[in-house]
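Since the structure of chain A is already known, use the hints to place chain B on it.
Number of protein chains: 2
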Amino acid sequence: MLGLMQEHPLMISSLLEFAERHHGDGEIVSRRVEGDIHRYTWADVARRARQVARALDSDGLAFSERVATLAWNGYRHLELYYGVSGSGRVLHTINPRLHPDQIAWIANHAEDSVLAFDLSFLPLVQAVHARCPNVRKWIALCDADKLPQDSGVPNLVSYEAWMGTQPTDYAWPKFDENTASSMCYTSGTTGNPKAALYSHRSSVLHAYAAALPDVMCLSARDSVLPVVPMFHVNAWGIPYSAAMVGCKLVFPGPALDGKSVYELIEAEKVTFAAGVPTVWQMMLGHMKPANLRFSTLKRTVIGGSACPPAMIGAFQDDYGVEVLHAWGMTEMSPLGTLCTLKNKHMEMSPQDRLNIRLKQGRAIFGVDMKIVDGDGQDVTWDGKAYGDLYVKGPWVVREYFKGEGGDPLVKDANGQGWFPTGDVATIDADGYLQITDRSKDVIKSGGEWISSIDIENIAVAHPAIAMAACIGVRHPKWDERPIVVVVKKPGAEVTREELLKFYEGKTAKWQIPDDVVFVDAIPLGATGKILKTRLRETLKDYKLPGL
Amino acid sequence: MLGLMQEHPLMISSLLEFAERHHGDGEIVSRRVEGDIHRYTWADVARRARQVARALDSDGLAFSERVATLAWNGYRHLELYYGVSGSGRVLHTINPRLHPDQIAWIANHAEDSVLAFDLSFLPLVQAVHARCPNVRKWIALCDADKLPQDSGVPNLVSYEAWMGTQPTDYAWPKFDENTASSMCYTSGTTGNPKAALYSHRSSVLHAYAAALPDVMCLSARDSVLPVVPMFHVNAWGIPYSAAMVGCKLVFPGPALDGKSVYELIEAEKVTFAAGVPTVWQMMLGHMKPANLRFSTLKRTVIGGSACPPAMIGAFQDDYGVEVLHAWGMTEMSPLGTLCTLKNKHMEMSPQDRLNIRLKQGRAIFGVDMKIVDGDGQDVTWDGKAYGDLYVKGPWVVREYFKGEGGDPLVKDANGQGWFPTGDVATIDADGYLQITDRSKDVIKSGGEWISSIDIENIAVAHPAIAMAACIGVRHPKWDERPIVVVVKKPGAEVTREELLKFYEGKTAKWQIPDDVVFVDAIPLGATGKILKTRLRETLKDYKLPGL
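Chains as they are written, first to last, in my numbering: chain A, 73 to 619; chain B, 73 to 619.
Hints listed in this document are in silico derivations from the structure and should not be mistaken for laboratory results. Any given hint could turn out to be false.
No copy labels: a pair is met if it fits in one copy or bridges any two.
To be verified - Subject to a maximum C-alpha distance of 27 Å in a straight line, what follows is the list of computed DSSO-like cross-link-like pairs (lysine-lysine):
| no. | residue 1 | residue 2 |
| --- | --- | --- |
| 1 | Lys581 | Lys549 |
| 2 | Lys483 | Lys246 |
| 3 | Lys560 | Lys581 |
| 4 | Lys578 | Lys218 |
The following block holds chain A by itself, in its conformation from the complex (with noise of 0.2 Å):
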C-alpha cells in the first residue's frame, strides 16, 4: 500500500523557488573579475536564472544537452547552476586548472553544445575552440560592451547580450528527479578523466544533509563564503544548500589570495567559509604578520585533502575560529564526513577533543561507509586496523559517464553495490574516519604499510617547512623505502639531518624516511592536491643514499 502524500519530484529549480519567495531580498555579493564588487538578492538569481532557462530555449537546446562553465565563483555561474540544470540540461563544470589538452577532451567526451567562461580564461578558450567542434556557442561572462574584439573565437556572445533581453517569467518544468542535472570530471592522475553525473535527485538530497548541524550547519543567519571553487563538484554543494536556508552568500571571484579573502570575510560579515587548506595557509599567513582578527567569522570547513594538526590549531587558539575537517570526492557530490563532537564528548578535555577534531570525522546521514582488507572482509573499527574505502549511498556514483572504466562498483554478500574509494584509512570505535593515504601512495615496507601523509604532516610541523611531499622508492631489501620531498619556508633554513632528527620520536624508527630532496617546488594537480605520480616521475633517477 502507497502513502498518500503529495508528489514532487526533488527538483534543483525547487530549491530557487523557495529562496525566492521566502528569501527574496537575501544577498548575494560577488567580487568579479574586473575586481569590484556586485550585489544583488535571491530573488535577482531567480529572474536571471529564467531568463539563462529562456535563452537555452532560443537557442534550441534540447533536453540534457550539456552547458559547460569555466569559471570562478561568482553570480553569473550561480545562475547557469539553477538556469540550465532547472531547465532540464545538464551543467558541465570545468576546472580551469587542468591542461588545454585535458579541457579539450573532456568539452568532446561530455559533448558540451555551449561553454561559459569568465574573461579571465579567454586565453584558455583561445586554446581549446578549434578542438571543440561540438560547441555551437561560447559565452563569455560580461556585459555586452567587455565583449572581446578579434578574439578569433566563432560564435561569441556576450552572457548580458545573450540572455539579458530575453523575458523574465518562465515555468520550470517539472520531470524525473533521476534526471542528470549536472557532471564533474575526477581530476584522475592516471588514464582518462572520468565524469560523475548528478541528479537532481542525489544534489537535493546532499543539500539538505550538507546544510545539517552536524555538516555545515546552514541557516539563514549565516553570511557563507565558499572558498571552495564552483568549478569543481558543486563547490561542496553551497549553491544548492545556500537556496535552500536562504543564507548570504559570498563569492571571492578569481581573487583567492590571502588579502582579498581576508578582507571579504570582513567587509561582508562572514560567518561560514569552506575551503581547502592551502587557500587558508595563504590566509593566516596575510593575518599572522599584521597581527589581524576575524569580527564574525566563527566556523570553516576544509576539505579537498588531509588538513595539517598545526593549522586547525591555528584557527582554534589563536582566531576562535571552529575548524570542521570534511572528507569527500568528485564521485561523492562530494560530501561523506564531516568532524564535529558527540554527545559523550562534551566533558572531555580539549586535547582530547582536538585529537578527534584532527579525523576526518563521522559519517553524514545518506553516505555508509566500511573499511576491508584485501579479501574484501570487514576489517575492524578500532581506530589502528586499516582497510580500503569503500562508500555507498543516494548521493554516490554507481557508474561513470559513458560507462568509463566500467562498473567501479563492488558487490558485498548482500549484493549492495559500494565504491571504492581508493583510499586507505581506519575507523574508530565512534565512527570516526581517517583517511591514512592513498591505495597508491602508502609505502609498502618489508610488508608492512608506511602512510605517506604521516611523513608529510611530521616534516610540515617543522618551523622551516612549508610543503612537503613523501613516496616510495625501490629499495632490495625492503621492497620499498619512504623519502621526502620539502621546499623549505622563504628565508628558513633546515639540514637533512636536522630535519631526519626531528623525525625521531614521533613515529616508530622504521617509519622514519630514508633521505629528504630539498627542492623549489612541488607540482599539484588541478584542485590543489600534489601530484605525486608527476613527482615519481621526476625522481626516477634518483638513488637511495648508500645504495
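Positioned in the frame of chain A, the structure of chain B alone reads:
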C-alpha cells in the same frame, strides 16, 4: 538522460541502521510507566526493532497491515516505530486521549490487526476490545511477569514475551519509498476522524528538514526530550531525526507534570525539548516558586497551538532558553514553519526580534505556502492582509486514508494541488507566517474579521487569568460579536468590568469582547486544544447583555 548516482530508496529502516552503525552507544533514556528510568543505546533499539520485525513475520502479518499503538513516549514505542514501519507494515499511532468510542471507530477504520498498549491504557483496551474484531493480537508493553491476569482481553501477550525470544538478526527489506509507513488520525472536531497516511519517503525527507539549523537544529551533541507525544503525528518527527543525527533521546513516559519534566531535563542534561504550551506552563509553574534554573537546556520548540507571548518572554528572559515557535499539522507530518531569525535581523533590537519570534515562523524547504482570499486569489505578503492558508510539499497529504472527505486539494492555475489548512493567516514580506485564527473560529463582526486568538492572548496576559477562549455569538446588527470565556487563576480575582477595561488600548475598540463569562474549566480536546465546538454548545443559551 538520467543521472548515474546509486539507487537507494529513502527507507525508515535506513535511519536506524545508520544510528546503529555510527552512533551505536548513543543513549536512549526512558521514564517508564512503572516510574523507574530505563537506559540503553541505539544499538539496542536496532537489535530489538529487528526482533519486533521478526515477531510480526512470525505472526504472519502481511506487508502494509496495520499495527496500532496506544503508548507514551518510551523505548518500546520507539522499537515499534522502526520494527513495524521498517518491515513494511504500517504503524498506526492512536491518541489515547480520544474517547473510547472514537478509538474503537478509528481502530476499525484503519483495520488494525495488532494493537500494542502501555499498561496505563489497559482500562481503555478493556473498554474497546470487544468492538475491534479485526485486532488479532493485543500486546501489553511490559515484561512477561507484569502481564495482567484476568484482564478479559483475548489474545493478550506481553511485549517482552512476544518479541524477546526472536532472533536478533534480520535484513530490513527494501521497497518502493512511497510505501505507506505510518498513519495518524486528525482530531477533527467535526465529522469522522480522517487519517494522514505517511510514506517512507515523506518521513525521511521530513527528518532531514526537521533537523536543519533553522528548524529543530539537531546534532549528535544534543540530548533531546520530546514531550510532544509519539502517539500524535510522529512526535514532530523527532524519533526519525534523532536517529539521523545520532543524538541522545530522553523519553518522559506518562510523567508530564512540571516536576517530573524539569527533573528529567536536569538529570539527563537535556539541551533541546519540544512540547505544547500547556506542558511548559506546568513546568514553569513548578520552577518559579522554587526559583529553579536550567543547567543545560538551550532551546525549545513550542507548537501545537499558539504560544502565549508571556511564555516566550519567560523562557528567554528568566531562563535564557531560546524559544522557537513552530506551526504544523497532522496533514503535514507535521512541520510547516519554524520561527528562526534571518541574517538581516542580526542587528535588530531585542524588542524587534521578540516581535518576530511571536509569529509562527518561516516555511521550511519542502513546504510552500500561500494565503488566498475568498476567490482563491493570492493575498499580499505584508503581515497585515489575511487569507486562508494553503500549503503544498512532499510531506503534505494529497488525500486521506480510504479517500475519506474526498479530494481535499485545491488546484491553482498551474494545476498544482494545495492543501487548505483551515487556518486564517497573514504572511509578512520576509515570509513569516502568523496564524490569525482557525477559519471556523474567526468572528465576523459587521463585515470585518476578529481573531479569536488575539482576544484570548490579551485575556491571558492579565495576571488573574489562567485560560481564555473567545467565541462569536449571534448579534442582530453585527452578525457576530466576540465574548471571552475565562478561567481565573487559583486565588486570583478579577471582575468582568476590570477585564474588559484591560482590553482598552490593546486592540481596536470594536474588537473588544462584548462580555466575559467566568467558568471553572474550559474543555480541551485530545491534543490539548480548546474545544470551541463544545464551548459553543455549552453556551448555546447564552444571551449578550442588553439583547
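Now the hints, each set against the structure:
Proximity of Lys581 and Lys549 under a CA criterion of 27 Å is satisfied intra-copy only: 17 Å inside one chain copy versus 97 Å between copies. Taking CA atoms no more than 27 Å apart as the test, Lys483 paired with Lys246 passes between copies only; the shortest distance there is 16 Å, against 34 Å inside one copy. Proximity of Lys560 and Lys581 under a CA criterion of 27 Å is satisfied intra-copy only: 24 Å inside one chain copy versus 80 Å between copies. For a Cα distance limit of 27 Å, the shortest separation of Lys578 from Lys218 qualifies neither inside one copy, at 56 Å, nor across copies, at 60 Å.
The structure shown violates just one earlier hint, number 4.
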